[in-house]
Amino acid sequence: MSGVSLQKVNKIYGSGADSVHAVQDLDLEVSDGEFVALLGPSGCGKTSTLRMIVGLESITSGQILFGDRDISHLDPQDRNVAMAFETYALYPNFTVADNLSFPLEVLGLPAELQRKKTDEIAELLRITDILQAYPPELSGGQQQRVSLGRALIREPSVFILDEVMSHLDAHLKFSMLFDLKRLHRELRRTMIYVTHDQVEALALADRVAVMSNARMQQVGDRNTLYNRPANVFVADFIGEPPTNFFRAEVAYHDHDTIISVMDSDLTLQPGTAAATSLRESQRKEVIAGIRPQNLGFAETAHFLTADVEISEYLGERSMLTVVNGTTRFQAIAPPDLRVNPGTSVRLYYEPLNVMLFDPETETLIA
Amino acid sequence: MNHATGAMTAGGTERTQDAWRHVRYLFLAFLGLWIVFTVFPLYFMTITAFKSAAEANLTVPTFWPQEWQPRNFIGVFDERTNFNALVDSFVIASANTALSLFLGSLAGYAFARFPRQAGGENLAFWILSNRMFPPVAILVPMFFLFDNTPWGTDSHLSLIILYLVFNLPLATWLMMVFFRDAPVEIEEAAYLDGWTPLRAFFKVTLPLVIPGMISVAMLCWIFAWNEYLFANLFVGTAVRTYTIVIPTFTHGSQTLWNFQMAFSLLALIPPVTLFILLRRYMVRGLSLGVVKG
Numbered sequence: 193m194s195g196v197s198l199q200k201v202n203k204i205y206g207s208g209a210d211s212v213h214a215v216q217d218l219d220l221e222v223s224d225g226e227f228v229a230l231l232g233p234s235g236c237g238k239t240s241t242l243r244m245i246v247g248l249e250s251i252t253s254g255q256i257l258f259g260d261r262d263i264s265h266l267d268p269q270d271r272n273v274a275m276a277f278e279t280y281a282l283y284p285n286f287t288v289a290d291n292l293s294f295p296l297e298v299l300g301l302p303a304e305l306q307r308k309k310t311d312e313i314a315e316l317l318r319i320t321d322i323l324q325a326y327p328p329e330l331s332g333g334q335q336q337r338v339s340l341g342r343a344l345i346r347e348p349s350v351f352i353l354d355e356v357m358s359h360l361d362a363h364l365k366f367s368m369l370f371d372l373k374r375l376h377r378e379l380r381r382t383m384i385y386v387t388h389d390q391v392e393a394l395a396l397a398d399r400v401a402v403m404s405n406a407r408m409q410q411v412g413d414r415n416t417l418y419n420r421p422a423n424v425f426v427a428d429f430i431g432e433p434p435t436n437f438f439r440a441e442v443a444y445h446d447h448d449t450i451i452s453v454m455d456s457d458l459t460l461q462p463g464t465a466a467a468t469s470l471r472e473s474q475r476k477e478v479i480a481g482i483r484p485q486n487l488g489f490a491e492t493a494h495f496l497t498a499d500v501e502i503s504e505y506l507g508e509r510s511m512l513t514v515v516n517g518t519t520r521f522q523a524i525a526p527p528d529l530r531v532n533p534g535t536s537v538r539l540y541y542e543p544l545n546v547m548l549f550d551p552e553t554e555t556l557i558a
Numbered sequence: 009m010n011h012a013t014g015a016m017t018a019g020g021t022e023r024t025q026d027a028w029r030h031v032r033y034l035f036l037a038f039l040g041l042w043i044v045f046t047v048f049p050l051y052f053m054t055i056t057a058f059k060s061a062a063e064a065n066l067t068v069p070t071f072w073p074q075e076w077q078p079r080n081f082i083g084v085f086d087e088r089t090n091f092n093a094l095v096d097s098f099v100i101a102s103a104n105t106a107l108s109l110f111l112g113s114l115a116g117y118a119f120a121r122f123p124r125q126a127g128g129e130n131l132a133f134w135i136l137s138n139r140m141f142p143p144v145a146i147l148v149p150m151f152f153l154f155d156n157t158p159w160g161t162d163s164h165l166s167l168i169i170l171y172l173v174f175n176l177p178l179a180t181w182l183m184m185v186f187f188r189d190a191p192v193e194i195e196e197a198a199y200l201d202g203w204t205p206l207r208a209f210f211k212v213t214l215p216l217v218i219p220g221m222i223s224v225a226m227l228c229w230i231f232a233w234n235e236y237l238f239a240n241l242f243v244g245t246a247v248r249t250y251t252i253v254i255p256t257f258t259h260g261s262q263t264l265w266n267f268q269m270a271f272s273l274l275a276l277i278p279p280v281t282l283f284i285l286l287r288r289y290m291v292r293g294l295s296l297g298v299v300k301g
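Protein sequence lines, in the order shown, are assigned to chains W and C.
Under the working numbering, think of the first position of the first sequence as 193, with each following residue one higher.
Under the working numbering, think of the first position of the second sequence as 9, with each following residue one higher.
None of these hints come from the bench; they were simulated from the model.
Treat the hints with care, since some could be wrong.
[Stated by the list, open to error] BS3-like cross-link-like pairs, simulated, lysine-lysine; straight-line CA separation at most 30 Å: (1) W/Lys309 - W/Lys365; (2) W/Lys373 - W/Lys308; (3) W/Lys309 - C/Lys211; (4) W/Lys309 - W/Lys373; (5) W/Lys308 - C/Lys211.
Isolated chain C, as found in the complex (with noise of 0.2 Å):
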């Protein structure tokens, strides 16, 4: 009796472990499945901003370049502007996370602290809302608008507060979530401690959600910087950004496919170097538990 009990268990057990091979497997291929889609596309726009023209228009691509063409990285820059158009993203994305992160915080905070004052659970749910229809709609009247204040849609300061629409919302939330976290009785006990609400705020409170801002500065500035539809709309003499000037490789029936990775390799840079940079961040701050007492 005892003894066939136990061989029931160990069969039981074997059998267990087999599954869970299985599964292990399973997830493996599925992983090795995933690294192929998202790392490909990064290996065949490396290799093709090095090749030149001819062999980036080869009908059989070439998954390793015949002659290496580093001068592809120069050549983008032909057009001069080319290189004000990063500046440009640079500048509109910058300002308008600083712009985002400034007013996100300010009602982030009051949601969290003062929610009934500040409007309550159901309009900090419909600022974020604002960040779920699709732009597309909203893309004609934008522009009218736009095109109505004195600096016109072709402006750094048009995009800087349109994209407010889509990071502020964002911010907004997630920030107000991050104070959330942050516990309230240490505000208290800063202001028993003799600090005034203002000062107590900068010392105590802000230091907690530093690497929430960060990462939701990360999310903000990587939105800006990428963003092409409203880009394309608005601006494009006086002001472009390197979104829409990755298009302008695509002459009548050529396409320089290696000048447009080239300088899609370059667009890359800032973002990867933040990420790198601010990595450690961005995981506290997206796990979204900034301090448990």
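Bound conformation, chain W alone (with noise of 0.2 Å):
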């Protein structure tokens, strides 16, 4: 067992006009025993990343340690990692006993030790009445589970999981989340989850990197992410739903800060370190932002007032769709709440919450 570490690590498809830079100068660092989600819209990356760790493709540039081990240009069967596969990719002429224990027998360790293995790891993964059964014959999450089996029966140095939750129904998804966490728990393997779907990256790992247009946006925790955004498109991906962006001018007074957001009479209040950093700069011009969640009618020092457009019901809470000048932004509200459209709502907000990013390179400013 071991952390993961990718240097610099790039990859380009064909050559010449027609190349593809899939990812670019991408750095990671997951510590021994860690669970790492790899988050990202699709086309991002994140699959050629991962094909890349666990060796099924070759890396253009950059180095890729297993430890301190260098990996980089090893056949995947010399570097001991373990894959779960999105479409599960069991043999399906193998029953599951045969299937689990397809990893020990190119060991050439004997069939008494696979055997006991094999059904530890049944026992583990609750498919010991499936054992004699084969792969075509089970439902989506049996087969899921015999998939994580096959590929935690040996010892990896990593276990790399790949969307393998996107083809089961949201109540299966649930209890297979619960089982990994538990799972890790338990093993305490470095383990790497590559998913498109937020939720199931928050709700499992350590630490979320996220990845986008094939290079690396953010790494860290869930607070991070989504409090200390690195960019707007962090601050747009994580978080449901997402955040509001406006683009605006600053103002300095002699005391006071002020974004003025365009085409509309709304004004926001920044944090103070955030004042102060802009200060600094003298710039005129940033993208706030500020989450729906973080506008609401308990009353503070601050608000923003607008015509309530829609008001959408959505069971635990609404939404609130509201507009100033030709500014559009939501606003999440309790279930009750009940406005008409053309209401005009004050929302208020707490100035530390205000993100800003900057206009040009659209990373976060304070």
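Each of the two chains sits in its own frame; use the hints to bring them together as a complex.
Right under this line is the structure:
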């Protein structure tokens, strides 16, 4: 067992004009026994990244280390990695028991020992009753467990899960999430979980690595990603509903720093730290962001005034879409709230929750 | 109002049922006709094989032998080399099938797993298209080509290699389809489970394409077994295939129909036996869907 370290890893498919730069200067450190989720929208390069980690794809440049062993150019079978596939990839003509013991067979372990280990892992994943069945006879959830079991049966340096939940229904997904968390706690293996679903990523992982456009955007725990997103992409991608963004101008008065949203008469008060850094840089324009969850009806000193356009009742909460000038944004409201479209409302916020981004680079200023 | 609608619906249903019944009758009639077309020749061949030479040559044919003459089946081997012809055909068909399968699987695997490195879809299609031109077009060039080889035209080897022209494209194309159907993730999973590519192939991928391979083998074997055009021109002295023996039962103005049919019936036994033994795989293989997850 060991940690994983990716250093300036690049992947370029093809060559010349048709080449695609799928992974660009990627750095990632996963410590021993840590559970990290690799999160990003489809086509962001996360699958290429994981295929490079396991060795199914060659790396164009850079280095991948397991512990302090450089495995960048080893064949997959020499890396001692295990992977659970999105499509499960069970061997359809083997029984479940044979599927599980397949990684042991190649090691030449005695049959007795293979059987013992198979039984242990089947016990752990609660699949003892289907050991003699063939994969096509199994349900999606059962196939999923078998594929996890096959990956876990030997002691791999790194354990990789590729979109393993994307074919499970919501109910099953929830219980699998719980099981995975339990497995990680019991086994303390280094795990990398690849997904496009932020709920899975945030629920499971110690840290989440957010990828987009072939680049690593930010690596951090839930709170960091949520409250201190590195850039507009992360702020937009993490959290549901997505963050409200405003293009805004900054005005500096004697003691006050005021952010005026363009095309509206909205003004935002930045937090003290943010105000200080703005003042130092004397920048004129920013992108301001505030999460719908951080706009509410509990009275504070600061508020935005806008007209209700749509009020959607979503069961546990309501979502308000409000408009001021031509600027539209959203806020979360209590479910029992009754407001008619056209009503003017005050939405209160804490200056601390106002996020500011550079309009050019889209990175977090404060 | 309600009543009227109900009546109309009922009438409509009746009419639809009537229409379906007619379609069914038509279908059955067609099926009957088709059975007559396919089974009658077989039937006539079988009874003719048991007739005497005189009865087989009657102007008004009999549909049941007046006198059964099973010794026709021994008579066809009066010419000793006739039995060797069946053996020659068997050797040529089997060797060609084995070679087609082996080379076709290698090429098919390459096209399925490494399409870009293997030359792409166009090359694969070009190979298949070799199967589409009329074979007679290359009859003469091929004769001169093989005439200049050390083993000449009149040998097993010449036909074994020549039939690759037709069987290899088919085998390559079909094996490509079967390998494509065998999920690549399964192979990748085996690599990650510690297996080398070669061992993973034999352990994991090959078993998935075996039904397909068997049906490809059948197609190749039957083509090589039945081939007449090239065999007729190429071989005939040192090597004879059974297909060129059949016409030898025609002497001048007289045809020994009973011998010809008896010999044909014997030649039918190997492919029919193979088909019966392997029909389970044939159906699985030819439905072109080997495995799905």
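For the pair supplied as a hint, W/Lys309 and W/Lys373, confirm whether the alpha-carbon distance does not exceed 30 Å. Given that 30 Å is the threshold and the Cα spacing comes to 21 Å, the pair holds.
Below or equal to 30 Å on CA atoms is what counts here, so check W/Lys308 against C/Lys211. holds, 23 Å
Take the C-alpha atoms of W/Lys309 and C/Lys211, compute the straight-line distance between them, and say whether it is at most 30 Å. Within the cut-off at roughly 21 Å; holds.
Given the hint that W/Lys373 pairs with W/Lys308, test it: the Cα-Cα distance must not exceed 30 Å. holds, 24 Å
Between the alpha carbons of W/Lys309 and W/Lys365, is the straight-line distance 30 Å or under? holds, 26 Å
Hint compliance for this structure: every hint is met.
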